[in-house]
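A.B. asks: Protein chains in written order, with my numbering: chain W, 1 to 360; chain E, 1001 to 1174.
Bear in mind the hints are in silico, worked out from the structure with no lab data behind them.
There may be inaccurate statements among the hints.
Below, a list of computed lysine-lysine pairs in the DSSO-like style, where the Cα atoms sit at most 30 angstroms apart [unchecked claim]:
hint	chain 1	residue 1	chain 2	residue 2
1	W	K119	E	K1033
2	W	K132	E	K1087
3	W	K285	W	K318
4	E	K1141	W	K132
5	E	K1111	E	K1086
6	W	K279	W	K326
7	E	K1033	E	K1111
8	E	K1033	E	K1086
9	W	K246	W	K285
10	E	K1033	E	K1087
11	W	K318	W	K279
12	W	K132	E	K1040
Being a predicted model, the structure only gives us computed values, none of them experimental.
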Amino acid sequence: MPGNLSDHSVLDNSVLAPPAQPASVLDDSVSADAVLKGSVLKKDFALKGRGFQPRRKYRKISRGFSRWSRMAATRVGCWLLVCALAVHLCSVCAAQDIHPPTSASAGEDTHLTAAGSGKATFYLMGPGVSSKSEVELGQEVRIPAQNVRNAGNYSAILCSDTCRSATFYVTPAPPATLTFLVHPSRVPVGQNDAVSGVALPFDQFHNLVVAPHEINFQLTSGNPNLMSRTVRTQNGIAWFRTNSGKNAGVLQVNASLDAVTSRRAVQQVASDPCNLRIKGQRTTKGIVVETELVRDCSGNPVPDGTIVTFTANSDNTKSSVDAPIKRGIARAQIEALGAATISAASGVVMGNELRIGAQP
Amino acid sequence: MMLARKLRLPIASIIMLVAISAPLLRAADSSAKVQLNVDKAGPRAVEGQTEQVILRDYRTARTSLAQALEFNTLDPLEGPFVGTAKKRLTDTVTSQRSTGLSSRYADQNHKLEAVFYAPEGDVIELHDTAEYQLQVSDGGKSIQDQHMVVHYVVLMTPAADRWVIRQLQAVPQF
């Protein structure tokens, strides 16, 4: 286009331009006209040889000039419109630009800033909260502590002509409680990896504290300290697994994080009987047999109610009697007239054999 | 004229069909897609059947959550949520009702990773990288429509016949 314009301008200046018109205007007008009308210049050039008609040509230039004016006005108008829209959009954006808090802790007042002026509707949406209020732009928007008790992500939405939003996170407050799960509630002594515990720190608003903290686990049974271990939380969880103690009784399991402590109790009970020994004597009613004090391998008395099975073999007959342990001893009476061999068993543990002679 | 008359009935049928199916399509959109990876779970390994049940129950829970917050109803929260998670969601629905707001979770995609499974199997911690389109409206007028990527720390515990969400907490990063 610029090349064409310059070529045409030479022609137009010499032939078509009236003296009153500025050259540049004519250049543009004629060339624009030529572009728009297609063959105007060719036609006019042809006419030149046959006889010039200035009035008609002038009309064309005049018409071209008015078109140029209209086009220029339209272009300027468009640009003005675009500029106005851009300015308006920028002002709207700036008016509602939200600056959320960079860090916010659960249960603490926080605030955000909204640039601009005038009034807007402010929405706060987060875990357990959905609020709506009128705010003044350009001033600090206060978010009260009760609206940010729950840790998580929040959306701050500001609406006037249009709506804009920003998100921010609320982090948990310092640990205030420890959720402590301990298994099992009753455990035999001397078992490997029999006791386990899982501790989860929570703040006062029941948010899981996911930041790492050191938790101290302590197991005590009576005076002796069975275990003490410090474990750092990972993803808000610390755990341990350990053997049960040697003595029957209450096993205290503590988890502590600074001043926060949580206690659980595990009942340690005797394990299976160990070294089961029996004694017996013949009476008028048969044979009375009883165990010595039944203990496990650690020396703990086996709990009452544990079943001991007595078996008597005599003269091709076999009879069995189940007897529960009472006060540490199991006792049974077996009807056998002849000589008998008596044995005892509890679980998988066998006791000694006892030979009793025939009734005299 | 004849052609227009002939076309009138099919066009009306199509319009009716679209009108009827629109709410169904909208409801189906709230369903969640969930993938679960249990490779890093410990100290206890997650059994295959447990993995399937957790996957099923988490998907149900997220779909229920979306329905509850879209329609401001508490019924979908009964069952999949307990404890703190249920309390917070109940509070959200209640406050949304009072302010006339509703939140729509569309195109939910959840990538779950089990990071801790207790020795006795009584609690599992999951990390969920959730992607969804969050549309918030005030009295039917849209005030937010945003693609969200949110990281959640999730604690699930076994109940009588399912796994339930006890804690659902968004964090900036894992």
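A.B. asks: Has the given pair, K1033 of chain E with K1111 of chain E, been kept, meaning a C-alpha gap of at most 30 angstroms?
C.D. replies: Distance of about 9 angstroms is within 30 angstroms: holds.
A.B. asks: Run the distance test for K246 of chain W versus K285 of chain W: straight-line Cα separation, threshold 30 angstroms.
C.D. replies: Answer violated: K246 of chain W to K285 of chain W is near 42 angstroms, above 30 angstroms.
A.B. asks: Compare the distance between the alpha carbons of K132 of chain W and K1040 of chain E with 30 angstroms, and conclude whether the hinted pair is satisfied.
C.D. replies: violated, 42 angstroms
A.B. asks: Taking 30 angstroms as the top limit, are the C-alpha atoms of K1033 of chain E and K1086 of chain E close enough?
C.D. replies: Holds. K1033 of chain E to K1086 of chain E sits at ~21 angstroms (cutoff 30 angstroms).
A.B. asks: Decide if the proposed pair is consistent with the structure: K119 of chain W and K1033 of chain E, CA atoms, cutoff 30 angstroms inclusive.
C.D. replies: violated, 41 angstroms
A.B. asks: Do the alpha carbons of K285 of chain W and K318 of chain W lie within 30 angstroms of each other, as the hint requires?
C.D. replies: holds, 18 angstroms
A.B. asks: Would you mind confirming whether the straight-line C-alpha gap from K132 of chain W to K1087 of chain E stays at or under 30 angstroms?
C.D. replies: holds, 21 angstroms
A.B. asks: Are K1111 of chain E and K1086 of chain E close enough, with their CA atoms no more than 30 angstroms apart?
C.D. replies: holds, 22 angstroms
A.B. asks: Does the structure keep K1141 of chain E and K132 of chain W at a Cα separation of 30 angstroms or less?
C.D. replies: Roughly 14 angstroms separates the two Cα atoms, so the pair holds.
A.B. asks: Holds or violated: are the alpha carbons of K1033 of chain E and K1087 of chain E at most 30 angstroms from each other?
C.D. replies: holds, 25 angstroms
A.B. asks: Checking one constraint from the list: CA of K279 of chain W to CA of K326 of chain W, max 30 angstroms. Satisfied?
C.D. replies: holds, 16 angstroms
A.B. asks: With a cut-off of 30 angstroms on the C-alpha distance, tell me whether K318 of chain W and K279 of chain W pass.
C.D. replies: holds, 19 angstroms
The structure does not agree with the numbered hints 1, 9, 12 stated previously, though it agrees with the rest.
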